[in-house]
Each structure stands twice: as C-alpha cells, then as structure tokens.
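**Q** Here's the letter readout for the chains.
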Amino acid sequence: MTDTIVALQHLSRHFGDTAALLGVTLSIPRGGVFGLVGENGAGKTTLIKHLLGLYKADVGSVTVFGMDPVRDPAAVLGRIGYLAEDRDLPDWMRVHELMRYTKAFYPRWDDRFAEELLQTFDLRRDQKIRTLSRGQRARAGLLIALAHRPELLILDEPSSGLDPGARQDILAAIVRTIADEGRTVLLSSHLLHEVQRVADQVMMLHRGRLVWNEPLDSLLTRHHVITLHWPEAVAVHPVLPGALWWSGEGTEWTCMCDGEWTRLKEAAAAAGATIMEQRPPSLEEVFLARTKIANLPEAQS
Amino acid sequence: MQLRISDRDGVPIYVQLMRQIKYLVSSGRLAADEQLPPVRKLAEQLLVNPNTVARAYRELENEGVVSIRQGAGVFVADGGSPLARREQQRMLNERIDVLLAEARQMNVDEETLIGLIRQRHARIEESAR
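Chains as they are written, first to last, in the numbering used here: chain A, 1 to 301; chain B, 1001 to 1129.
Only chain A is shown next, with the shape it has when bound in the complex (with noise of 0.2 Å):
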C-alpha cells in the first residue's frame, strides 16, 4: 500500500508548438495541503487535468492513487473531489437535482455531510443552479467536491472571483479536510496569503517547469527582507550572496536575500553596512522576487 497520492514522473504537455509542461516530476504524499502556484499560463490547470485524467500525458506519466487516470477514470475520480476555476455546473438543475445526480458517481458519498454543507452554506435546495449569485455555486460545486469525503480535494482558482464570504467557506473547507486525518488537498491558487495560510508544500510552476516544491515554513525562513544603512551615501548596493532584488538610494538599501543568516550578516559586515531591520518576506513576495528574475532575458536562455 503506497502513500503517494499522486506521483508525476517526467511529464510534459504540448499544445502544437506550445510547451505547457516540460519534464514535470514530483510526488505527493497522503495528507497535508499542497499549495501550487504560478503566473497565468504556467500549467497549472494542464496539470490538475492530468491528474483529473482529461489530458493524456505526451511523454512521462501520471500516476493518482497508484493508477492511471487515463486508463481507469471512474476508479480514481471516485476518490477526488474537484472544484474547477469555471465552476461548470448544470446551469437548468436544481439544488437537489445537482446532489442527486452527482450521488449517483460517487458510492461513497455521504447523505448526512451533504445535508450539513447545504445548511452551511445556505443553500435552498430548490433554487435554480442558474440563479445561484457567483459565491452560491462556488458553494454549491464545494458542496459536491466534498459530500463523498474524497481522499483527495482538488481546487483550481477556488476563490478567483469570489466575495470574503465565499472565501472564508473555501478555506474552512481546507481545514476541515485536512483535519480529517489522511486527507489531502491539493491548492491551486493566485491568492498567495491564501496560500499561505493553509499549505504545508508549496510548488511552483513557470512556464512548464517545475521550479520549487519545498514546505512553506522552510521557503519562507530562508528568505529574509534586510534593511542595511551606511554610514555615508553608496553610490551603487553592495553584492550581498543570494540577493534577489535591491531598492533605494543614498545610505539606505533594502535587498531580498536567499540565504543563511548568519552568512548574509557578516557579508553585510565586511561591506560597511549596518543591519537596520531584518524581517522574513510573505509568499507573496518571495513569489514576486522568484517571477522576475526567471522573467529576465538571461534567465531564458
């Protein structure tokens, strides 16, 4: 019995002579939330597809649960529940009509929880899917990703769109699902505090390729914002190791470094700065700093 829920072995995607995953490998192991970002177009919805069996992988392969999603859909989409960015839902449904025929897919799926997310999320079981207001049917299409309990809970852009409201029911529908002991979400998502504030991985795709996969706390500790003041005015910032970025002017500079502490204050040191403010940099930013610098033309090549 394996506890890898999803493992990507060298798996690249073509879209005639577009490149929308090269050489992708990765695992994912049972429980935990896995945070999985990039910039538009970075393949992270090729990839979810993969997973989802929807696309058939060009070279490598994709295996979920152990099996292959292309060859036996039905046996591991059993197991996933899945919230797409489009929130495709059968617009001349009813509420009730939505749960019933989405029971019929999944055998394990659980009356009772249904019921409980439908007061939840206040909504009326006799209502239109067409009339749902946009946070509604993200509701809605949460509900059906999680009444069978899935092993595995996908989310592409849950909360693009979305009001605080319908947020807030997403990521506390993160929680509770990982709370369940063994249970494994995967995030992908543009909302970076969002991010993180739930993931324990998180991964990072551009353009295709693979470019970190490390857990949250360990990217975010390595990574520290530094304020360095001189006692007179530098003309040009120092060459501090693993510095990312640098801004300001005079005898202040603020840079983003990759790199240990103690390392980056003595290399502060023997450039004749003092360290005035140390801080650890958001996701956000560290996002930001990684974006650009693969984005120069240097870094193309």
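Everything labelled a hint here was simulated from the structure, so no lab data went into it.
Where hints are given, some of them may not hold.
As the list claims (entries may be wrong) - Here are a few chain B residues that sit away from chain A, every Cβ distance over 10 Å (derived from the structure): (1) 1033; (2) 1043; (3) 1049; (4) 1051; (5) 1058; (6) 1093; (7) 1124.
To be verified - Label-pair restraints from in silico Cβ distances: (8) 1041/B x 107/A: 29 to 39 Å; (9) 1093/B x 107/A: 38 to 48 Å; (10) 222/A x 1067/B: 17 to 27 Å; (11) 1117/B x 278/A: 42 to 52 Å; (12) 3/A x 1073/B: 27 to 37 Å; (13) 30/A x 1040/B: 11 to 21 Å; (14) 236/A x 1109/B: 24 to 34 Å; (15) 1001/B x 67/A: 57 to 67 Å; (16) 1028/B x 104/A: 53 to 63 Å.
Using N, Cα and C, we set each Cβ at its ideal position, and we do this for glycine too.
Take the given structure of chain A and dock chain B to it, following the hints.
**A** Positioned in the frame of chain A, the structure of chain B alone reads:
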C-alpha cells in the same frame, strides 16, 4: 483565547501562534493548568492548517510553556513563572533594541535616552495619581 493571524508578512504562522500564546501566558491572561482549544477547533476558528496548530503546540511543549496530556488535551504548564519572567524580559528587550537603534539614528546618546525614559515615567506616574 483570542489570537490573530497575519498572512501579509512572512512570519511563519506557527511562530505567530507561539508568540501570542506565550504573551497570553506571561501576561497572566492564560493561567497555569488552563486548557487550550483542541488543534482542530483552533484551526477551524483561525482558518489555518491544523498541522500548523499542532506544530505550535509541540514547540510550546518543548519550551515548557504547555503540556500535552494524551487524550486529555493541551494545558498551560505549571510553574510557568520563570518562563513568564524570561518571556517578559525577552519582549522588553525587543522593544529596547528598537528604541536604541532609533536613538542612535537620531544621535541621542545613552544618558539622554535614560533621562527621557525617567521623564516619561514620571509623567505617567503623575497622571495615574
């Protein structure tokens, strides 16, 4: 127990939780033997990952701030007072360091700064009367 989590800066959430719980203990707002909320409940209340809450509790246990009693829950540790004093000192030191750095920037020397502190202290004592 009222805690607030900021997701706008990079201080890991388990560290934020640890700091706030230590503050509540050292300021006496959480008493010895008082029970803390279960991991799941606190996670759902704060909308953070339960693993993060569990980690904060574990690290607080290592530091002797709380004790985790199997099956019973998480409690503020007994004999918290030396810890409380240490923690109080740590918090004051943090503030003092900031004050010293600012004074240095403004070319205010140590003696002047101490004089200013005495003045402020006298003012507060007076207004408290």
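**Q** If a hint holds in the structure, say so; if it does not, say that too.
**A** Hint check results:
1. Every CB of chain A is more than 10 Å from the CB of residue 1033/B (nearest about 26 Å), matching its label as outside the interface.
2. With a cut of 10 Å on Cβ distances, residue 1043/B falls inside the contact zone with chain A, its closest approach being about 5 Å.
3. For residue 1049/B, the requirement that its beta carbon stay farther than 10 Å from each beta carbon of chain A is not met, with the minimum near 5 Å.
4. Chain A draws residue 1051/B into its interface by the beta-carbon criterion, the shortest separation being 6 Å against a cut-off of 10 Å.
5. Every Cβ of chain A is farther than 10 Å from the Cβ of residue 1058/B; the closest lies at roughly 13 Å, confirming the non-interface assignment.
6. Residue-level check passed: residue 1093/B sits 16 Å from the nearest beta carbon of chain A, beyond 10 Å.
7. Its beta-carbon lying about 28 Å from the closest one in chain A, residue 1124/B satisfies the requirement of being farther than 10 Å from that chain.
8. Hint check: residue 1041/B to residue 107/A, Cβ distance near 31 Å, so the stated range 29 to 39 Å holds.
9. In this structure, residue 1093/B and residue 107/A break the distance hint of 38 to 48 Å, their C-beta atoms being roughly 60 Å apart.
10. In this structure, residue 222/A and residue 1067/B break the distance hint of 17 to 27 Å, their C-beta atoms being roughly 32 Å apart.
11. Here the CB-CB span from residue 1117/B to residue 278/A is close to 25 Å, at odds with the stated 42 to 52 Å.
12. The hint said 27 to 37 Å for the Cβ distance between residue 3/A and residue 1073/B, and at roughly 28 Å that hint holds.
13. Checking the proposed 11 to 21 Å range against residue 30/A and residue 1040/B shows it holds: the Cβ atoms sit about 18 Å from each other.
14. In this structure the hint that residue 236/A and residue 1109/B lie 24 to 34 Å apart at CB holds, the actual value being about 33 Å.
15. Against the hinted window of 57 to 67 Å, the Cβ-Cβ separation of residue 1001/B and residue 67/A comes to about 44 Å, which falls outside the hint.
16. One distance hint, 53 to 63 Å for the beta-carbon pair residue 1028/B and residue 104/A, holds here, with the actual separation near 58 Å.
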